[in-house]
Structures are given as structure tokens and as C-alpha cells.
Amino acid sequence: DVKVTQSSRYLVKRTGEKVFLECVQDMDHENMFWYRQDPGLGLRLIYFSYDVKMKEKGDIPEGYSVSREKKERFSLILESASTNQTSMYLCASSLSGSTDTQYFGPGTRLTVL
Amino acid sequence: DAKTTQPPSMDCAEGRAANLPCNHSTISGNEYVYWYRQIHSQGPQYIIHGLKNNETNEMASLIITEDRKSSTLILPHATLRDTAVYYCIVRRNNNDMRFGAGTRLTVKP
Numbered sequence: 031d032v033k034v035t036q037s038s039r040y041l042v043k044r045t046g047e048k049v050f051l052e053c054v055q056d057m058d059h060e061n062m063f064w065y066r067q068d069p070g071l072g073l074r075l076i077y078f079s080y081d082v083k084m085k086e087k088g089d090i091p092e093g094y095s096v097s098r099e100k101k102e103r104f105s106l107i108l109e110s111a112s113t114n115q116t117s118m119y120l121c122a123s124s125l126s127g128s129t130d131t132q133y134f135g136p137g138t139r140l141t142v143l
Numbered sequence: 208d209a210k211t212t213q214p215p216s217m218d219c220a221e222g223r224a225a226n227l228p229c230n231h232s233t234i235s236g237n238e239y240v241y242w243y244r245q246i247h248s249q250g251p252q253y254i255i256h257g258l259k260n261n262e263t264n265e266m267a268s269l270i271i272t273e274d275r276k277s278s279t280l281i282l283p284h285a286t287l288r289d290t291a292v293y294y295c296i297v298r299r300n301n302n303d304m305r306f307g308a309g310t311r312l313t314v315k316p
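Protein sequences, first through last, are from chains A and B.
For the first sequence, our numbering gives the first residue as 31, with consecutive numbering after it.
For the second sequence, our numbering gives the first residue as 208, with consecutive numbering after it.
Hints are supplied without guarantee of correctness; some may be wrong.
Capping the alpha-carbon separation at 30 angstroms, the derived lysine-lysine pairs in DSBU-like fashion look like this [what the hints assert, rightly or not]: (1) A:Lys100 / A:Lys87; (2) A:Lys43 / A:Lys85; (3) A:Lys101 / A:Lys43; (4) A:Lys101 / A:Lys48; (5) B:Lys276 / A:Lys33; (6) A:Lys87 / B:Lys210; (7) A:Lys83 / A:Lys101; (8) A:Lys85 / A:Lys48; (9) B:Lys276 / A:Lys85; (10) B:Lys276 / B:Lys259; (11) A:Lys85 / B:Lys210; (12) B:Lys210 / B:Lys276.
Chain A is faced by these chain B residues, among others (derived, beta-carbon under 10 angstroms) [claimed, not checked]: (13) Pro214; (14) Gly236; (15) Tyr239; (16) Tyr241; (17) Gln245; (18) Pro251; (19) Tyr253; (20) His256; (21) Asn260; (22) Arg298; (23) Arg299; (24) Asn300; (25) Asn301; (26) Asn302.
Partner residues are not named here, just some residues of chain A that face chain B (Cβ under 7 angstroms, in silico) [said to hold, decoys possible]: (27) Gly46; (28) Phe50; (29) Leu73; (30) Gly137; (31) Thr141.
No lab work stands behind these hints, which were simulated from the structure alone.
Since the model is a prediction, treat every value here as computed from it, not as a measurement.
A virtual CB, placed ideally from N, CA and C, is assigned to each residue, including glycine.
Hey, can you work out the whole structure from these sequences and the hints?
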């Protein structure tokens, strides 16, 4: 079974703090993704990565950056957290092709006060 | 710019088959139909996907109409643990994984 884990289930931060969300997959997948999920807006793609040190912007990259130093780990960084970044953050991974099935982690519910 | 239409909610009796419809009338020839579900406060769980042919796995069956404009996800013997929001997605590539509002399925005893 594919396992995607995220560093925290729940996180509370203050406005202006730098926030790191970590995601690890154990299936040697090439592709990794970060989404946020908000009521009424569905899932929105923030960033994705096809390979180590590679990254591509998704639909809503503003206010976020990512890091992929190792194949199994994909980090999402909020340089200066704001209240409008309060959301559920979901990490996913897939094998290598552009249509390979994406498998999701359990999510991190981030609250920015 | 939703590509799929699903009923907002459905009920199903425990032990009976749950048939969840999805309309995707504008689907292109190279777009796959994917189904995921999301149990409250958890990440989406992959269920099944298909292109043209009907598909079956240990979780569910996917029936795609011949014109590919609609599909049905079938959970053959629904249990209380199948209560979740079910998402139908048409997808061409990684940038196209767009989850809509889905169908909230409630399995009742």
C-alpha cells in the first residue's frame, strides 16, 4: 500500500510566522503535490514536483514556496503566514506519469491566528 | 469550470448497493474518469478509475456509458464506513485533478 504521511494533523500559528509543512511518501514516487482544500472551493493545486529539486507552480502558488531535496520528501513553506492561509493542506504523490493515480496523505489542518 | 456534475447527497441502506452517478458530458477522448472519496477530516482516498471500459476492483465497480458522457460508481454492499463525500473527476494530466463538491453519501443502518 502507498503511504503518504504529513508531519502534523493540526497546527496553529500566528500571523507572520514562517510555517513548514512536511510530506513523506514511501513508494519511490517521482511526483509529489501540495493542495489546499477550502469549503465550497474544492481542492486547489499549490505546487507540484516531478523530480528532486524540480518544482512547478499550480493554480495558487502566491504566498507559498516548496522544497524537494530528497525524492521521498516534499515540503510546503509559508514564508509569512496570513489568516487567509487557514485551510486544510493535502499532500499527494504519484508514480511518474502525468496520469498516474495520485495518493493522498491524511492532511494538515492549519489555523493562522 | 466544473467538468463533472454530481448530486449533492444520497442515502443508502446498509448492505445494499450504492450507485453514485456522475455526468461529464464534455469529456475529451484522452480524459480519464477518476473516483475518490473523503471521510470527514481525512485525505481523499483513491477508489477506481477508467477510460472507456468498465472497471472493477476490491472496493467498487465503475460503469462508463458508451458515449463516455456519464458514469456510475457502484459500491456493491455498502457499510456504515462507506459514509463519505464521493468525488468524480475527469482528468487529462496532473494539472487537471479538480475536485468539485462531490456527493455526500450517507449509509444508514
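Can Tyr241 of chain B be said to touch chain A, with a Cβ gap under 10 angstroms?
-> holds, 8 angstroms
Given Tyr253 of chain B as an interface hint, is the shortest Cβ-Cβ distance to chain A below 10 angstroms?
-> holds, 5 angstroms
Supplied contact hint for Gly46 of chain A, tested at 7 angstroms Cβ to chain B | violated, 27 angstroms
Does the CB of Gly236 of chain B sit less than 10 angstroms away from some CB of chain A?
-> violated, 13 angstroms
Does Asn302 of chain B meet its interface restraint, that is, does its C-beta lie within less than 10 angstroms of any C-beta in chain A?
-> holds, 7 angstroms
Restraint check, 7 angstroms cut-off on beta carbons, for Gly137 of chain A near chain B | With Cβ-Cβ at 5 angstroms, under 7 angstroms, it holds.
Do the numbers back the hint for Phe50 of chain A, that is, is its least Cβ distance to chain B under 7 angstroms?
-> violated, 19 angstroms
Mind checking the alpha carbons of Lys276 of chain B and Lys33 of chain A for me, to see if they're no more than 30 angstroms apart?
-> violated, 33 angstroms
With a cut-off of 10 angstroms, does the beta carbon of Pro214 of chain B approach a beta carbon of chain A closely enough for the hint to hold?
-> Nearest chain A Cβ about 16 angstroms off; hint violated.
Does the CB of Thr141 of chain A sit less than 7 angstroms away from some CB of chain B?
-> This interface hint is violated because 14 angstroms lies over the 7 angstroms limit.
Would you check the hint for Lys87 of chain A and Lys210 of chain B, treating anything up to 30 angstroms between C-alpha atoms as holding?
-> holds, 22 angstroms
Regarding the pair Lys101 of chain A and Lys43 of chain A, is the alpha-carbon distance no greater than 30 angstroms?
-> holds, 28 angstroms
Hints 5, 9, 13, 14, 21, 27, 28 and 31 from the earlier list are contradicted by this structure; the remaining hints agree with it.
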